[in-house]
Each structure stands twice: as C-alpha cells, then as structure tokens.
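S.K.: Residue-level listing of the chains:
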Amino acid sequence: MYRSIIAALVLATAVVPTARAQDASGALTVQLSGLEPQGAVMIQIFASETAYAAGQAASAQRVVVDGATEEARFEGLAPGQYAVRLFHDVNGDGRFNTNPFGIPTEPFAFSNNARGTFGPASWSQAAFALNAGENTQAIAVGGGQ
Amino acid sequence: MIARRELLAGAAAVGALAAAPAAFASESPWGLGVENAPVDGYAPAAMRRVHGRAPSGLEGSLYRNGPGWFRYGSSSTGHWFDGDGFIQRFAIADGQARHSGKFADTLKRRIEQQRQEIVFPGFGTRGVRGAPVQSPDDINAANTSVMIAGGELWALWEGGSPTRMNPETLDTIGIRPFREDLAAMPFTAHPKVEPNGRIWNIGAYGQRVIIWRLAANGVLEDAQVIDVGSRSYLHDWAVTERHLIIPLQPWVHDRMTAPMVDGYTWHGDQPFRILVLDKNDYSNRRTYELPAMFYFHTGDAWEDSDGTIRFDLCASPNAHFVTEQARTMLQQDSGETPSAELALAVLHPDGRAELQRSGIHGEFPQTDRRRQGLARDLVVIANDREVSTLGLMNWRTGASDSYSFGAGQMVQEHLFVPKPGASGERESWLVGVTLNERERATEVHVFDAASISDGPVVIWRSRYAAPLGFHGTWRGA
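Sequence order for the protein chains is A and B.
Under the working numbering, the residue at position 141 of the first sequence is numbered 141, and the numbers go up by one with no gaps.
When you read off a place in the second sequence, starting at 1, and then add 1000, the result is the number in the working numbering.
Derived by calculation from the structure, the hints in this document are not laboratory data.
Check each hint, because a few of them may be wrong.
To be verified - According to the in silico footprint, chain A covers these stretches of chain B (three or more CB under 8 Å from chain A):
1. 1084-1093
2. 1121-1135
3. 1368-1379
What the hints assert, rightly or not - Here are a few chain B residues that sit away from chain A, every Cβ distance over 10 Å (derived from the structure):
4. Gly1150
5. Arg1273
6. Asp1278
7. Thr1287
8. Ser1316
9. Ala1399
10. Glu1439
11. Asp1454
Just so you know, these numbers come straight off a predicted model, no measurement behind them.
The beta carbon of each residue, even a glycine, is placed where N, CA and C say it ideally should be.
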C-alpha cells in the first residue's frame, strides 16, 4: 500500500527543469516545524497533477536539519497549482526508509499538511495556488497531529 | 442452544432480573459490556468483598485490557474489536482488592476525543473519508491484551507496536520501536513467554510474518520475516520448547477493501493448515492439515518425547462471530453465535494431524504460564454466551470440571495464579472477572483450580461496571 509513496519519495533529487519562469514569477517558502534536529529534509515541488503522479519534480532541495524548524525557498516559479512533498531523512542515509513490510519509518509530509489514508496524500489534497510574488507553505513534519 | 437474550428474559421472568433497568430488554444483551467507560477512567477504589474470604498468599495485580470506548453520539465504531484500549487493574493485597482503569493514550484516541467522532478506520470500522493514516500505529487501538516487560506494562494490539504504560499509574509512556527499522511492525496480543522469561511473538502482514524474539526485559534479540504462504487471519499461535506453531486457518484476506474485515473470505472447502517451524532454523518447517475450522485462540503447546506436538485451541465451524456478531452487538441488535469448542490439536511425527474435541465450550483459554511450552494437563475456558460458565479441562484424564455463574453474569478470561510455594497446576488459583448485569458491577472471582465446581473462594465487587475486556496478565506482588 505504500509502494507508490516510496517510489515517489526515494528519488527526491530527480528534477524536471521548469522552463516557465517568467518575469511575474512566484517564490515559495516552505516552513518546516516539528523536526528532530538531525539528518536532512528532502523536499520536492510539483507543478501539475500529472507530474505529481509521475514523480517528476519541478524543483527539489535538501535541507540539513539543525533545529526543530527549518526553511526552504524556491524561486522563479510560474504561477499556478503546485504541491509539495517531503520526507525527513532522519538517519542521513539519503533514502526514505521503510520497515520490512514497506511501512515508512521516517516522517513524511505534504503541502496543506495533507495526509493520505494508508498512502500518499492525493494531488487534490496537497495542491495549492502559487501566485506571483511571495508564497508560504507551513508544514508540520512528524509527530502525528 | 439457548440464546443469551432468551436466557436473560427467562431469568427476568422468575424475578432474578426484577431490578434490571427497563431499557435492558430492548437493548443488546451485550449492552452493558459495550458501553463507553468514563473518559478519565476509574480512580483507584476499594472493591467490596461480597462472598468468601481472600485466600492467604494471594497478593498481586490482575491487569486486563479490552475495548472501552465505542461511540461519540451517533458516530460509532463498526466492530467490537475497534474500541479504544481500556486498561484495568485489580490490585489484591492484605485480603483486599482495589479497582482502577485508564485508557491507553493513543494517537487515535487523542484525535477522536478532540473531534468527538470516530475518525479512523479499523478492523471493522470504515472511518471518515480521508482519515489521516500514515502508519498502522496511527490507528493502533492498544486494546487487546497486556504484558509486563522490563518493568513496564505493555498494552498490546495486533497490527502495530505495543503501547508502553506505567504499571502503577496506568499512565501511557508511548510507543517506542524495538529497533528504528522495525517501527510500526505488527506485534500480536499473544506473546509467548518461556519459563526462563524469553519472549516470542509474531506479527502478520499479508502472507508474511515477522517472528520476534525478545529477552525477558523486553529488549529485542532477533526479528526475522518469513513467508507463510497464506493470508490467513492470524490472531494467536503456539510455542513449544523446540518449535513455533503458526495455524493458518481458511479465513483469508484476499481483497483490499474497507473495512478490513470485509476483505476476508471464508474458504470452508480448504484445510486448516498448521505450520511448524524449528525455533533455531525457521527454514526447517513442516505443514500439517486439519479440516476447515475457525479459531481465535490457542491455549499453549507442548511436545512428547517422540516428537508429537499438542496444543489446545477454541474451534468454531466458521467465522460468523467475527464477521457478524461482533459488529451487530454494538448496534444493539445481536445475532447469536454458538461459542467455540475447546479442542486439542495433535500433530504426529508421521505427518498426520487430528483434533480431539473436549465437548466443553468457551473461549479465552488459559494455562499455567509456568509451564509455557511444557507438558501439562489443565486448560481453563470461559463461556460468556449460552450459559455463563467457567470450564476446566484435564487432557490427561479426560475429566472436566465447571462452575455455572447463573443468569446475569458475563464471565471473562480467568488466569492461573500459582499459590505461593506450590508448583503443581492444581495448586493454583484461577483469577478472573465477570460483569454482573444484575448488580451493574464488575466482579473479581477467585477459584481454587483443584475444585472450581465448589464455586469461588472469594468475590469482590467493584463500584464500577466496566466494559467487557479481552485478555489480561497477573503480576505477583
């Protein structure tokens, strides 16, 4: 049941270049909270439902976690619908770890703080409008609700 | 078979239930047993001794777990097995008993209390659309049994981790993985503890099973995943000195649907398989077959010098109770299912298997835990359906003993508690709980295992009527 989210998250650095950056571009600040201060958070952003389903990120970042809160900033994004997904690579091995039955053992999260039911959040749950100028997504990572 | 409802009605007609609430007749016969416990549980309170005297030397605590919260207004769990884990303690000291209770403080319970509705999917509960579930432990009800390990009280479920609690205060410590890479792995409510303290358990997911081996202090020694070749419902199992016994019944999870119980199919034309593994080499295995039957619980297992393996289990003709009655009993519309029959599965060295039926019915089989995996004679079962009885079977002599509680008592699991300084099985007390519907009170009953038909040697009555529970453990003082 977790296969799709694992496939989606293991390649956090796979990025499809976006050629849509225009003058009236937007910037996205992803504010992370609820972090254990270790490892790194791997963040991907997606510019369409198709890309989200295919795991083709428009941009990705790795943010080293030193404190309970961290930030990542993405710039030059064309206004439109986006979704963010991330996992906290707590042990720093560069992979999204699972237990032997395929259940994630590292925290993962989505924009809008969306949560799936036994799997990743859907595009409709995670998608948000990115406007020209400054945009913010505050995402609580791990620790339940 | 006498239906529970008819039995109660009959008792009322002769006046035994004259004081029962008028609403009782229109409610489920299980009504009092599946009502929400108070949100903050029960503060420790003295129980009233209503019969007999406390036997000298009986000192310790009976801990019990079971679903204790079922509904928020009209928002109800869809199955008895999905209620929040409510842990009770019956502490016996100086001839007196005290009763307390507290809910396991799970993520599921915190969110549902906050929202005042049933949110999460469960074994037989659909949950709300889009319920936030990222791990089996997000829906962990911690509601099935308890064990003591490493000075902690663990509230056990079967689909996820143990929930660690303080055995004195019943406060929840939380979930802590045995190892980080084994977080959220299933750990059944039926661990087997060897006489030397070593703990064995399993957890099933599809047709794969994790085999846990823990030291007596609860620290992980080993965990391995094996393929058992069947998606059978796996609630309980058995362990001998040399072997692990995994029954694979023909109630099989063959569809991914919600709720989970709807994904199981009864295959009455298929055998009941029993997988036997060498404790020292899980690849060394044998499979035995018996005719189709359904079971929840085994008693315990042992093997003879010639390699014959024996284990008791409570066998039903099919899965009707879990698929039907355990649902409807929450909606106050109980169907009737006969209780299971105690039987002994015998696995011969030549590969043959046979089932020896006892003729006595009930569930929650218990044995002298000092003899886990070793030869023994006795097993005790509780019948809370047709007639409320406690039954004690002696497999060596073929004799059985029983005690009938009469109408208006729902009898629950009874545990063997060794008498101080004694080593024989019969030199034990049987300590358990009933829900006295007439008095609307939970009671602790203590029997002498040597003569249960003589009736309880002491009964303590609580000021609380607690929901029915599943399983417990005894911690000596």
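S.K.: Indicate, hint by hint, whether the structure satisfies it.
M.R.: Taking the hints in turn, this is what the structure says about them:
Coverage of a stretch by a chain is defined here by at least three residues with a beta carbon nearer than 8 Å to that chain's beta carbons; for the region 1084-1093 of chain B and chain A the count is 0, and the condition is violated. Coverage of the region 1121-1135 of chain B by chain A holds. Counting CB-CB distances below 8 Å, 8 residues qualify, and the rule asks for three or more. Three residues within the 8 Å Cβ limit are the bar, and the region 1368-1379 of chain B against chain A gives 0, so the coverage statement is violated. For glycine 1150/B, the requirement that its beta carbon stay farther than 10 Å from each beta carbon of chain A is met, with the minimum near 22 Å.
Distance to chain A confirms arginine 1273/B as a non-interface residue, since its nearest Cβ pair spans about 22 Å, more than 10 Å. Every Cβ of chain A is farther than 10 Å from the Cβ of aspartate 1278/B; the closest lies at roughly 21 Å, confirming the non-interface assignment. Listed as outside the interface, threonine 1287/B is consistent with that label: its C-beta sits roughly 23 Å from the nearest C-beta of chain A, beyond the 10 Å cut-off. Against chain A, the non-interface label of serine 1316/B holds: every CB pair exceeds 10 Å, the least being about 29 Å.
Every CB of chain A is more than 10 Å from the CB of alanine 1399/B (nearest about 45 Å), matching its label as outside the interface. The claim that glutamate 1439/B lies off the interface holds: its Cβ sits roughly 40 Å from the closest Cβ of chain A, which is beyond the 10 Å cut-off. Once the 10 Å rule is applied to beta carbons, aspartate 1454/B is consistent with being away from chain A; the minimum gap is 49 Å.
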